[in-house]
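K.L.:
Listed here are the chains, written in short residue letters.
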Amino acid sequence: MDRIPVLTLGDVLLVSIQVDLEDQLALRLQEDLADRIVSTGAHGVIIDITGLDIVDSFVGRMLATIAAVSKVLDAETFVVGMRPAVAITLVELGLPLRGIRTALNVELGLAALRAARAAEYAEPEESDDDESVAT
Amino acid sequence: METNTALRLAAVLADRQDAVVEAWSDAVRETLRGRLTRAELDRQLADLYTLLRTLLESGSSSLGRPDAADLRSMLSDLSHARARQGFSVSETAISVFALKAAFYRAAGDDDHVSKADFAAFSLFIDDLGLHTVETYVAARDSIITEQSQQLMELSTPVVKLWDGVVAVPLIGTLDSARSQIVMERLLQALVDTGSPYAILDITGVPAVDTQVAQHILKTVVAAQLMGAQCIISGIRPQIAQTIVSLGIEFGEIVTKANLSDALQYALRSLGTDIGKRAPRGAVI
Amino acid sequence: MINAEPTGETRRQGIGGDDDVVRVRQLVRAAAVATKLSLVDQTKLVTAASELARNTLIHGGGGYAEVIPVTNGRRNGILIVFVDDGPGIVDLDLAFTDGYTTAGGLGLGLSGARRLMDEFRVETTPGEGTTVSAVKWER
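Chains as they are written, first to last, in this note's numbering: chain A, 1 to 135; chain B, 1 to 284; chain C, 1 to 139.
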């Protein structure tokens, strides 16, 4: 069975979803990402959904789960590239994507990750349990 | 119409084809006042005549039957074309109804057709005429819809104000259809320009109802889902009253008094610094 | 009653597993493109179909979907029908409540799908099954 490739960019993992997500594929991605965050010590995950022409509640839940799991593993998740028609549909569907941070494209997502990271280090009480990988 | 009547009429129509078509074309041309060339009209009417005769030759005059499909679509095409060229409904209908008089004039002396046959023919032409009028009205409706669509697109420009900031200055009444178009165009502009900030300026909007307020809200939430922030500026006092009295939650939406405040907010959020200089005055 | 006359061929797709949900989406999308629905309406229709197909699979224990191009005389649209012979829905009002779920999902399937469609009808008999019919009209 296929896998969705996970790329490493410095301490950021980049996933670009280009195919119609089958449920098994989505679940496997969820597992792969958790493993890769731990094995690479990544601090950020960017999921590019430019290629997705729909996001239903199943995919929405997968994205929320990835964000929540990554958060526990000390990595911030950004979902980028959501199409306007998909965003309008999600609002109508009433899908709450709580805990998911978004950006318009990969570039802005990377910048937002960097800004979020910098903000975290500016607050000393939050960074004490951080086994930092070279940044 | 009975089969025999149809067949008799078809025979006469075939027999007197040239004379009938000529009389018909003459009658129609008077009403067109040169908006269609003679050759064009002659061709149209001759085609129509042939299809109509073919239908009668099959022994039927019912427009609903499958073998009348060609005739129906020819009539539809004709009325669509007339509607686009700006002909009125009666000018269009007369193109069909004129065939009655033309037929009577050119074939009235024919021994093969009775008065009853003429009456049946007349009813048949009425059917064709009604179909023409109906499709004409449908065509006009679709032209009107198209035009209001174009007007709506023209009246909803999305402009880039700064690197990373787009704005939609809305002017005039917002209805549900227009707010939907605004929403789609604004969101598309965010993607196309990669702008994380959008300003929806409603200074020029006199009133909003619940549905429109909901559309604005949905636009803001959709923009957030895509990773952009939407700022609403220029809310009039009456609109603010409406929003509150309708019980619509504007919640965490950023609202600013005017476009300039909204732009300043966006630029500050982007970290863009604009230094102030004393005005230099004008040079004459 | 949904007032809709078929204008084209009915396409049917069985729903027996996860990958059938993807097939239903593809079938519905192809029909939406052929009927020239706007991009946003296409997206809403396919998303609703995806939710309903998953309902059929999870709650109905499988079944089938039908996709039919229709007209109401003024506008064209797409009718989607989902049929299962599962346990049925005992309390329909409750099933339409946002956040209500029996399968541990987000509880948006039925109510969310209804918001995405223009017409929506559920026929259900406890113990015998459920049929959901919904139409999206062109704007």
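None of these hints come from the bench; they were simulated from the model.
Please note: incorrect hints may appear among the correct ones.
In silico BS3-like links for lysine-lysine, alpha-carbon gap of 30 Å or less [unchecked claim]: (1) 115/B - 100/B; (2) 36/C - 218/B; (3) 160/B - 256/B; (4) 218/B - 160/B; (5) 100/B - 256/B; (6) 256/B - 71/A.
K.L.:
Next step is simple, just say for each hint if it's right about the structure.
P.N.:
Hints and how they fare:
1. 115/B - 100/B: holds (13 Å)
2. 36/C - 218/B: Between residue 36/C and residue 218/B the Cα gap is close to 25 Å, so the pair holds against 30 Å.
3. 160/B - 256/B: Given that 30 Å is the threshold and the Cα spacing comes to 18 Å, the pair holds.
4. 218/B - 160/B: Cα-Cα ~22 Å, so holds.
5. 100/B - 256/B: Roughly 69 Å separates the two Cα atoms, so the pair is violated.
6. 256/B - 71/A: violated (34 Å)
Checked against the numbered hints given earlier, the structure breaks hints 5, 6 and satisfies all the rest.
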